Amino acid sequence: MSSTSPRPTFFKATMAIVQKDLVAELRSRELLSAMLVFSMLVILIFNFALELDIKVRQSVTAGVLWTTFAFAGTLGLNRSMAVEKDRGCMDGLLLAPVDRAAIFFGKAISNLAFMLIVEAIVLPLYALLYNEVRIFQPAFLGVVFLGSIGYIAVGTLLSAMSVQTRTRDVLLPILLFPVAIPVLLASVKASSGLLNNATFAEILTPLNLLIVYDVIFIAVAFMVFDFVVEE
Amino acid sequence: MIEVKQLVKRFGLKTILRGVDFSVEPGEFVALLGPNGSGKTTFLRILASLSRPSMGSVKVAGYSLPNESAQVRAKLGVVSHMPLLYPDLTAEENLQFYARMYGIPNYQARITEVLEMVGLENRRKDLVRTFSRGMQQRLAIGRAVIHDPEVMLFDEPYTGLDQDASEMLDDVLRTVAAKGRTVVMTSHDLARAEDLATRFDILSRGVIAASARQKDLQKTNLLAFYKQSINGNQ
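Chains as they are written, first to last, in the working numbering: chain B, 1 to 231; chain W, 1001 to 1234.
Keep in mind the hints are simulated off the structure, nothing from the lab.
Small disclaimer: the values here were computed from a predicted structure and weren't measured.
Treat the hints with care, as some may be off.
To be verified - Capping the alpha-carbon separation at 25 Å, the derived lysine to aspartate or glutamate pairs in DMTMM-like fashion look like this: (1) W:Lys1125 <-> B:Glu30; (2) B:Lys12 <-> W:Asp1148; (3) W:Lys1005 <-> W:Glu1028.
As the list claims (entries may be wrong) - Listing some non-contacts, in silico: residues in chain B with all C-beta distances to chain W over 12 Å: (4) Val60; (5) Thr67; (6) Ile109; (7) Ala120; (8) Ile121; (9) Leu123; (10) Ala127; (11) Tyr130; (12) Phe136; (13) Gly142; (14) Phe145; (15) Leu175; (16) Val212.
Beta carbons: idealized from backbone N, C-alpha and C, even for Gly.
Chain W extracted, bound-state conformation (with noise of 0.2 Å):
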């Protein structure tokens, strides 16, 4: 579902990413892990098609980067630890807006859908000011599934969030995983990262430092793995 191979990217004399390879199958939850600076967020922006690479190669859902990045954006959602949603606008009109933007005919059952999925659909004539910061998350990512996406991308999806919203927000993120979706998320809550992903890749200094899959950390736990890949690493 996701190819990449030796990407670089460069922003002016600084390089981010030093020519990462990295593949998902169709339907696993791949938690991206690394410390501040490693180029976890760079990395996703490249995957979404909102930041251009330097060198190397990027396919999405069979759609080559940058040259098919309409199509790429066709299938893929994004949730970040910015909202991406209007304030004066409320969470239905939110939702129509990008239903629009993504085309979806008869979209006001898929509204509907959507904000009883995140728990949001007796908020939905408020406006998005007047939400909380997780109610705002969760809505996040109703905006991101309204067009049913085939991939997920999620960029440090806890920023922010207190221990009940995040809660909430991992049961949410477990419904959009069971759809069979394929996800990639970024996190430093690695115990959540644990929790929810198939897999765990390491990412530092510009390179996958490691993987492994969940099964095969049953006897040693994810901290350990964490730590000793970085320090691998170094």
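Chain B with its partners taken away, still in its complex shape (with noise of 0.2 Å):
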């Protein structure tokens, strides 16, 4: 037996986690395909709801896409914290001698990438549908970078919490968008004030509020991580 203990540092326990769900989600895609499905479908059905008017659509655009993306998101938190808690593995990660902020960021980074993947694909399909090829200007993919952050950053959380539950399918999207709303309200005007040609003066606000809320969400769940996993 070795008489001390060698532990990881915090960036190589992240690193690691990170790691180990993307290679799992690689062979099983179980989380990616749901959430593909099911934001292609969402797209498709306002597709066919909203009529063919050329600037209803416009005006429609970032709203369409944040419900796609918030809806879908909360499928792929549930699913990756389902992964921890179904055979025990979130026990072996609390077993872990390392830092349990650790566990939330190798966790929130993997959500993350599984949320910009599902929107690397979506929005493509949806310039292609919508005809709308303004999405792809840099400071729009900036918004939905900068959404996807603040959105994962609570629902990741929120997820750890809400697993530990019989009811998490249901409790998740209960607990979260109440709390998202900042987030996801402040990408929606500012994702619509970039595709309406706003200036700058304009988004600034939406902007700042999803920087703040993006910085409060990450740093109240670095607190609290282990104080909501452990018993």
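Combine the two chains into a complex, taking the hints into account.
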């Protein structure tokens, strides 16, 4: 037996979790396929439901996209934590001699990667169906990235809570959507402003809000994750 | 190695552990026995730093819980009836992941050593979801000893195993204990506990109702001692 036990660094533990999640998902494709199919269905349903008037379509682009991302993200968050819980793997993570915030960051980074992959596939599909190429402007993609960070940060924390319950599939959206409203509203406002050629000054307020909420949600999750996962 | 004083654990209004006093010397193999609902799993989860004690003090390998939980976890290996393994990773990838989580340097040689110990070296590249329950449990033990812990906690490791798998697990458990590790195991299988452990503690109604060493039980068997302890505490 070793007299001095080795301890992993925060970064190495975080990266080990990210790599494990990505390799497992690459094999099973359970999470990504569910998120993708759901997102495509939502985009298609909106496509048939909305009028063909180009102005109407352009005005709802931000709303349709963020509704799709939010619901698909919830699916992914639920599944990502359920994998850890169902076979006791969450206990395996919690037993590692590492700051438990590293577990949060590991799970959050892999969740973010899954959400960005889905967004990278959904955005071209949306552009094709709605004839909307302005969504590829770098500023718009930046807003999508910032919004995803905030949503995933708070979503990962709340999914770690809801996964402990029997009604986790129902509980996560009920907990998550009210808390994530500031991020979603700021994302929709900023996205909508960019698509409607608003000036930088006009989108500065939602953009600032988005950045502030990202920082707050990450900081809060960092501080309370240990208490959330311990009995 | 393990020292617990007046441990109380409450979940809401329900008290599960009611002032448990428990200590284990280095190298001891303690079987923690008791009926369903007596608090065995809760007690082990507290020792493993997965659950916070409501009152009382807990020390493992010289470190206090919950304040020094990371230091305790570095000295601890835990096996439960759940394998704590990822089905979509291979046996080797699972061990690699846990080796990285424990910060083990140059872990490849250690992984080979552990896979040989649990008899799964020829299945190292196979996905865990293709393993039988017995093989998963053996790999779970490999996962728990990957960082060479001083203390091992086993929570009903025989659950769901057939006779052959249980016998293989016996051998692995003996190998684990033979390395001088301190072991605490909960089980309902009295025959196996009698065969493996050096001390038997009976947990009943949230307290340690009785304790006996293996050498003291030669005249009276474990089942009689168990029944007597449980009935005496009711």
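Against the earlier hints, flag every one the structure doesn't satisfy and list their numbers going up. The structure breaks none of the hints.
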